[in-house]
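**Q** Below, each chain spelled out in residue letters.
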Amino acid sequence: MNYWSFERFFEAWPYILKGLHITVGVTISAFLFALFFGLVWTFLRRIPERHINWIVTWVMEFIRSTPPLVQLFFIYYAWPEIPIVGVTLSPFASAVVGFGIHFSTYIGEIYRSGIESVENGQWEAATALNFSLLDKWRLIILPQAFPPTIPMLGNYFIIMFKEVPLASTIGLTGILHMANSFGSEHFNLIEALTIVGIIFLVLSYPSARLIKKLEVKLNTRFDKNRVIEPIE
Amino acid sequence: MQDILSISQELSRGLFVTISILIASSLFAYLMGFISGLLRLSKHTVIRKFTGLYIELFRGTSLIVQLFWLYYAIPMLFGINLGSNWIIGVIAIGLNYGAYLSEVVRGSVEAVDDGQTEAAIALNLSSFQKMRYIILPQAVRMMLPEFGNYTIQMLKGTALVSLISLNDILYYGNILRSSNLSQAPLIYLVILIFYFVLALPLIFLTRKAEDISKKGVAN
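These protein sequences, in sequence, are chains C and S. Note that UniProt numbering has the first sequence beginning at 1, numbered continuously upward. Note that UniProt numbering has the second sequence beginning at 1, numbered continuously upward.
With beta-carbon atoms standing in for the labels, derived distance ranges:
(1) GLU11/C x LEU125/S: 53 to 63 Å
(2) GLU11/C x SER182/S: 38 to 48 Å
(3) ILE198/C x PHE204/S: 34 to 44 Å
(4) PRO137/S x PHE187/C: 49 to 59 Å
(5) SER20/S x LEU210/C: 38 to 48 Å
(6) SER12/S x GLY86/C: 25 to 35 Å
(7) GLU124/C x LEU5/S: 48 to 58 Å
Read the hints as simulated data drawn from the structure, not as lab findings. Beta carbons are placed, not taken as given, at the ideal position from N, Cα and C, and that holds for glycine.
With the hints as constraints, model all of the structure from the sequences given.
**A** What follows is the structure, given as structure tokens:
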């Protein structure tokens, strides 16, 4: 019973692929959530008040250095139990909020590194030319700060995609969940889990290569050796 | 307050598993990172390709999938039962982050200035001596901050071992929650704080490592 069977392997494919749109859907939604929330962190960190800055920094550190799995459990199991603000979320929504918040702290740092990479002279020039605050950001800072962050954001998209199967523990019916239920129906998980691995590899490896190419292209264009390796 | 104390007491029963897995798997990952990072720079195409395969396999899939896969595959492939899920957790986390660390090792070795290699050749050092006395002492400094960051990632990864029924912090937390649903917010908050407290020394070490890696370097 406990051996590899190609029959089961091929039988499992269509069953598991039924969960793919959920996995991809959560990844995209959570990424959009994180892109937006990252902006909020960046704004909060730019408030020129020492105490606020300190609090924001440590809250970000707290979210970043605690396991996303526990954060998912918190949102799915604990949030509904909190009086007044508690709401029950579906596994899909919990995963989007959980991963969105977790990764927003990384994305906030990426935005910050982008803004800080704009040279001092550019800020001074904007002031010297009497640009309004809006024009300074719109015409001078952001056009230079944003493009170099694109590959880093792309890397985090892939990292998030690989974290999403964690949500099968709260019942998200993505590919890992489908593999588990296929496996328990057929008393052997190994083929189903191998398929999940293959799916991840096939989707994430080419995208990683693509981003690497983009990174090289942008680096030559902006000519800055400040490629920051993402931490997973 | 009383609740927090009793929850902490219950959770602390899982501390040993979490910490021991973190230590064992990070040592394993550092080892794998160095071995495969240096093999990736080998002259032999076969060795480079083979190491590349390992790295891309583990970087391209998720830790949770690898953990489950090894959990089912190791007894099947080798016909042996390791007898302990602890080892499986350590192997999965170590192999996964070893693959990430190997890229850090490779990147840092490659970042050492070419002039250093040329100087080593000019001084007639063997390739082992060149690595040991010239390249690595400079490269290791550059690696330190990333090693710190990945160790924090590994701490976060250890929470997954509760899924292969190891009695870590999260495992005891989940048991507490199932017997007392209305306490769930407090229980998970305390779990998060537990992990954060464990991460704090790593965070400070990483910051220290950043200072060390910057010290005395032009640019």
